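Engineer: Spelled out from the first residue to the last, the chains are:
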Amino acid sequence: MSTDFDLDGAWRLAPQVQVRPERFGALLYHFGTRQLSFLKSPALLTVISSLAAQPSARAACRAADVPDAELPGYRRALATLAASQMICRREPA
Amino acid sequence: MADHPAAQADEATEDVVADEVLVEEVSIDGMCGVY
Amino acid sequence: MTAAPVTTGPMPLIEQFSYGLDAPICLTWELTYACNLSCVHCLSSSGRRDPRELSTAECRAVIDELQRMQVFYVNIGGGEPTVRPDFWDLLDYATGHDVGVKFSTNGIKITPGVAQRLAASDYVDVQISLDGATAAVNDAVRGPGSYDTALRAMRNLADAGFAGFKISVVMTRHNVGQLDEFKALADGFGAQLRLTRLRPSGRGADVWDELHLTAGQQRQLYDWLVAHGSSVLTGDSFFHLSGYGAALPGLNLCGAGRVVCLIDPVGDVYACPFAIHPSFLAGNVRDRGGFARVWRESELFGGLRQPQSGGACESCSAYGACRGGCMAAKFFTGLPLDGPDPECVHGHGERALATADPKAAPRPAGDHSHRTRRAPVPLELSRRRPVEPARAGHPPVSACNPDPLAGFTPPAR
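Protein chains in written order, with the numbering used here: chain L, 30 to 122; chain B, 233 to 267; chain F, 3 to 415.
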């Protein structure tokens with residue numbers, strides 16, 4: 030599984046994904062693929078929820094106060110979510 | 233498709249943050265107590 | 003280890019769930035105890051409708067709750083859910099209210115027309131039950147003609163373009179030799195194979211000794227599952243086999259009262275469909291506060307969401323993987339819940355059973371089985387009692403009446 034992820038690209042939550050916030054972070058369910066993802070960080074939930082409104086994933090992480098030292102972990106998490114189609118690229122306006 | 237979390241961590245770089253797996257994926261069928 | 007984290011780092015899901023969830027992730031909902039079959043191992047001892055079953059309106063109210071709680075999907079079963087006349091309405095109601103549905107059926111109502119309708123829906127999944135890759139093996143458990151019914155339903159789904167429907171098999175001593183044939187059957191229909199564990203629940207308690215896998219067969223099954231990876235589903239029902247070594251795909255923990263639960267046909271909420279017994283009854287959806295209150299506030303579920311003691315198992319090197327196995331399997335074989343699973347892969351369960359009193363094992367509650375074998379009747383003439391007492395102007399209600407409103411009297415407030 031690739032851990033490459035374009036942090037400077039524009040992303041969004043896939044339309045068939047339902048997000049349910051939880052104490053530990055969130056549950057994401059994709060009605061198309063029938064896959065379930067557990068987000069194990071409330072900050073990651075903030076990042077995902079704000080992707081569509083932010084110019085880039087990197088900006089979303091910054092806005093969610095993700096420390097630079099933790100960015101690699103978030104990048105890997107975003108790569109995982111992209112690979113399972115939970116998040117997808119936004120077309121430029 | 234449903235990678236075991238330990239396998240996911242191994243695939244990531246084997247550095248000190250290897251423990252930090254922020255996303256775990258499971259098939260929604262992977263719940264015991266649903267027939 | 004990273005430098006001291008600012009927030010608590012991510013912990014294994016097992017620990018996360020000890021704090022509980024505001025809603026189940028998915029759940030099982032048995033819509034009716036009525037069934038056209040009488041499978042020997044039925045976990046819900048189904049056959050005859052219960053006169054107290056939830057009405058259509060009450061079912062819609064449950065769906066409304068599931069939508070509010072953001073339950074992703076509900077696994078609808080029974081009995082045979084499609085024998086309820088309002089089944090198709092409820093299916094549409096659920097999918098129209100953001101609740102995905104997978105329903106479990108023996109195939110009796112899956113005509114070509116029905117299959118077309120189902121294939122057109124994005125939020126419906128179908129699971130056909132089958133317990134033998136041949137009619138001989140299947141019908142010994144599910145009854146004469148049941149294999150043909152199931153295959154006909156599969157054919158209809160495949161012909162309607164319904165890719166990826168599930169074929170769900172309960173593993174027994176007599177079908178474990180057909181694993182490759184099951185896989186080929188599923189592949190032939192473009193369906194996904196699902197294998198699940200037999201538990202000593204419902205009528206399963208009566209056939210457990212004859213049908214549960216031998217130790218050698220468990221190993222055989224485990225090796226086969228490992229070889230087939232995620233292409234075969236298990237509903238995480240074999241997590242006790244993780245004691246052999248590498249864990250199978252899934253959460254690998256008991257979901258009862260933590261991530262799943264059962265709503266039964268009369269609205270009773272149990273921790274798990276394999277634990278239909280007063281000891282695992284958390285409440286009823288007809289109680290004040292409905293299902294949400296039961297899920298969030300019942301004492302039973304609160305207890306299950308505490309870290310569980312492994313008891314006798316904690317000193318075993320396999321405990322971290324198998325977590326002591328299946329609560330329902332232990333309960334109905336009379337074993338303590340903080341001890342080994344009756345089918346513990348290291349044989350600890352077998353040893354525990356040797357010293358347990360089989361007559362002391364709890365009996366499954368609520369038998370809705372068809373009365374196919376009649377006990378001798380006393381030779382006095384008497385009127386056969388209707389299920390409910392006859393009311394003036396109303397004919398007695400037969401137990402076979404599939405109308406969920408038949409004989410229903412709204413409870414006094």
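Any given hint might turn out to be false.
Stated by the list, open to error - Stretch-level coverage of chain L by chain B, calculated; a stretch enters the list once three of its residues show a Cβ under 8 Å from a Cβ in chain B: (1) 36-46; (2) 61-71.
Said to hold, decoys possible - DEER-style ranges, computed between Cβ atoms: (3) F:Arg119 with L:Pro71: 39 to 49 Å; (4) F:Ala229 with L:Asp35: 52 to 62 Å; (5) F:Pro280 with L:Pro71: 19 to 29 Å.
Simulated from the structure, these hints should not be mistaken for lab results. Because the structure is a prediction, the values reported are computed rather than measured. Don't be surprised by glycine CBs; every beta carbon is placed ideally from N, CA and C.
Engineer: Hint by hint, note whether the structure agrees.
Structural biologist: Going through the hints against the structure:
1. 36-46: Violated, because only 0 residues of the stretch 36-46 of chain L bring their Cβ atoms closer than 8 Å to Cβ atoms of chain B.
2. 61-71: holds (count 8)
3. F:Arg119 with L:Pro71: 39 to 49 Å: With a Cβ separation near 41 Å, Arg119 (chain F) and Pro71 (chain L) satisfy 39 to 49 Å, so the hint holds.
4. F:Ala229 with L:Asp35: 52 to 62 Å: Once the Cβ atoms are compared, 36 Å apart, the range 52 to 62 Å for Asp35 (chain L) and Ala229 (chain F) is violated.
5. F:Pro280 with L:Pro71: 19 to 29 Å: With a Cβ separation near 39 Å, Pro280 (chain F) and Pro71 (chain L) fall outside 19 to 29 Å, so the hint is violated.
Violated hints, in rising order: 1, 4 and 5; the structure is consistent with all others.
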